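*Asks:* Each chain, letter by letter, is given below.
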Amino acid sequence: MANNRYIVLLANQNEKSIRNMEKEFSVSVTSSEYLSKDNRSFDIIDNNNAVLYKNLGMMVVDDVDEKQLSMSVSDSKSPIVYFEKEREFYSADEIALINDLKTDIDQLKNKILELESFIRNKPIPKPVNTELEWGLKAIGMGNTQFSGKGIDVCVLDTGFEISHPDFAGRTIEGKSFIEGEEWDKDPNGHGTHCAGIACGNVRNDTGKRYGIAKDCNLKVGKVLSNTGRGTTSSIIDAIDWAITKKFRIISLSLASPVKLNEKPSILFETVGTKALDNNCLIIAAAGNDSKRPSLPLPVSVPANSLSVMAVAAIDNQMRVARFSNAGINAATGGNINVCAPGVDVLSSYPQKGANSGNYVLLSGTSMATPHVSGLAALYMEQFPDLNAREIWKLIENNAKPIENLKYRDIGSGLIQVIHG
Amino acid sequence: MDKKMKIYFGVIKNGTSFKNVKTKLTDLGIEILKYYSKLRIVKFETDQNIEEIEFDFFSAVEEEKDDFFI
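Protein chains in written order, with the working numbering: chain A, 1 to 420; chain B, 1 to 70.
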């Protein structure tokens, strides 16, 4: 182990001072004038001695008591006026300098990457300049920045074509309740269309937007067969699954027709109430049995239950769709709650048969329903403290009545986003 | 000629436990297919005429429909 060396500055170099120094610190002091190649300074110093550099007025001494040196400096009788520990000096090494620079560059690069990531992920509100499908314009989609982020929207339908390019990269959870058919394929196409309206984004060819809650979590339950038909069992099984999974919205673009004055199903009334109790909103199509204007028919099951939101369809001229069922069983229940775009609605579709593209226009209360489901997801993101019943109330309170259209046909009116 | 088995859904009355329902349905010779605990609904299958059975533990019993369409 190397000893500590000290540089000691002397007030004077007279004989007496040097001898006192030798005595006090038990060293032998050699004057620098006696140094030679056979009597080198470092050899002298290493032998616990000291070398006095007369011209500099200082001495280098090896392995002395530092406290004693400090006391000597404080003592006015001592010739020692200052001391410090010997420092190490190194020659400039170009390679070491380059390595240091490389380290600095790496650190700088990391800082730049960190900054870039921060800027890219910063939630900057982007101006809405995307062209919108007519249905989205009608509900005021240009006036909101909300996108359903974090909200679980469950579409119970014919399944979903998972290979659709507009949904590449999305994490989609699903389950089939139809034996022998998979949830992530949709030979029918209806489910993919409905899911696109509620949870899609923009067309990959024109960039025009057709989906509402583009950042929601899409959940798919296959409850209708590839022929477009389902049973009470498949629907109840799927709703039970969705409630157990704590999904916030269940979108049902399906219907079973009822007769005039037929009472609503207590089964679905119970299911709707239990869903609301579990903070889940069920939204269902009013049905497409009517032949207006002469023959409007009553709201179908399950939309005719008071605990399920019933959705009617309108066209782009703000007329009620000719097929859209109405609240004509008012005495026994089965009102329309709201209306939404449901005629010539463009959305995602599997490539099949004559359809070589990824989109088609479809009409039905089936298309109106996912507009409401998507909007509900925006509301839930916008008002995170509201429960499902309060969201329902907000949707109805913000719906816009349409001139000359009856409550019987459109309920509280055309759904609208809340500016924000 | 064999009677056709049909599927029904029973909505359990408030204050009635599933255990009680299960016992009574078993006593009636009715097979439970599924119990939806979150919904408090029982799916069961029977070939009996349910009009003739008094389900005092259900608030409603509905037969399975297969006419839900897109």
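These are computed hints drawn from the structure, not numbers from a lab.
Watch out, some of these pointers could steer you wrong.
Claimed, not checked - Simulated pairs of lysine-lysine, DSSO-like, Cα-Cα distance not exceeding 30 Å:
1. A:K246 - B:K19
2. B:K43 - A:K259
3. B:K38 - A:K393
4. A:K245 - B:K34
Claimed, not checked - Residues of chain A placed beyond 12 Å of chain B at every Cβ, according to the derived structure:
5. L108
6. Q145
7. K149
8. H190
9. W241
10. V271
11. K274
12. G287
Remember, predicted model here, so these are calculated numbers, not experimental data.
Don't be surprised by glycine CBs; every beta carbon is placed ideally from N, CA and C.
*Asks:* Run every hint past the structure and note whether it holds.
*Replies:* Here is how each hint holds up against the structure:
Taking the CA atoms of K246 (chain A) and K19 (chain B), the gap is near 25 Å; set against the 30 Å cutoff, the hint holds. For the proposed pair K43 (chain B) and K259 (chain A), the alpha carbon gap of about 25 Å is at most 30 Å, so the pair holds. A C-alpha spacing of about 24 Å is found between K38 (chain B) and K393 (chain A), which places the hinted pair at or below 30 Å, so the restraint holds. Our distance criterion of 30 Å between C-alpha atoms is met by K245 (chain A) and K34 (chain B), whose separation comes to about 18 Å.
Under the 12 Å C-beta cut-off, the non-interface status given to L108 (chain A) relative to chain B holds; the minimum distance is some 56 Å. Every beta carbon of chain B lies more than 12 Å from that of Q145 (chain A), the smallest distance being close to 33 Å; the non-interface claim holds. No beta-carbon of chain B comes within 12 Å of the beta-carbon of K149 (chain A); the shortest separation is about 26 Å. With a least beta-carbon separation of about 5 Å from chain B, H190 (chain A) fails to lie farther than 12 Å from that chain, contradicting its non-interface assignment.
Against chain B, the non-interface label of W241 (chain A) is violated: not every CB pair exceeds 12 Å, the least being about 10 Å. For V271 (chain A), the non-interface assignment is contradicted: its Cβ lies about 6 Å from the closest Cβ of chain B, within the 12 Å cut-off. At roughly 5 Å from the closest C-beta of chain B, the C-beta of K274 (chain A) falls inside 12 Å, breaking its exclusion from the interface. Distance to chain B contradicts G287 (chain A) as a non-interface residue, since its nearest Cβ pair spans about 9 Å, not more than 12 Å.
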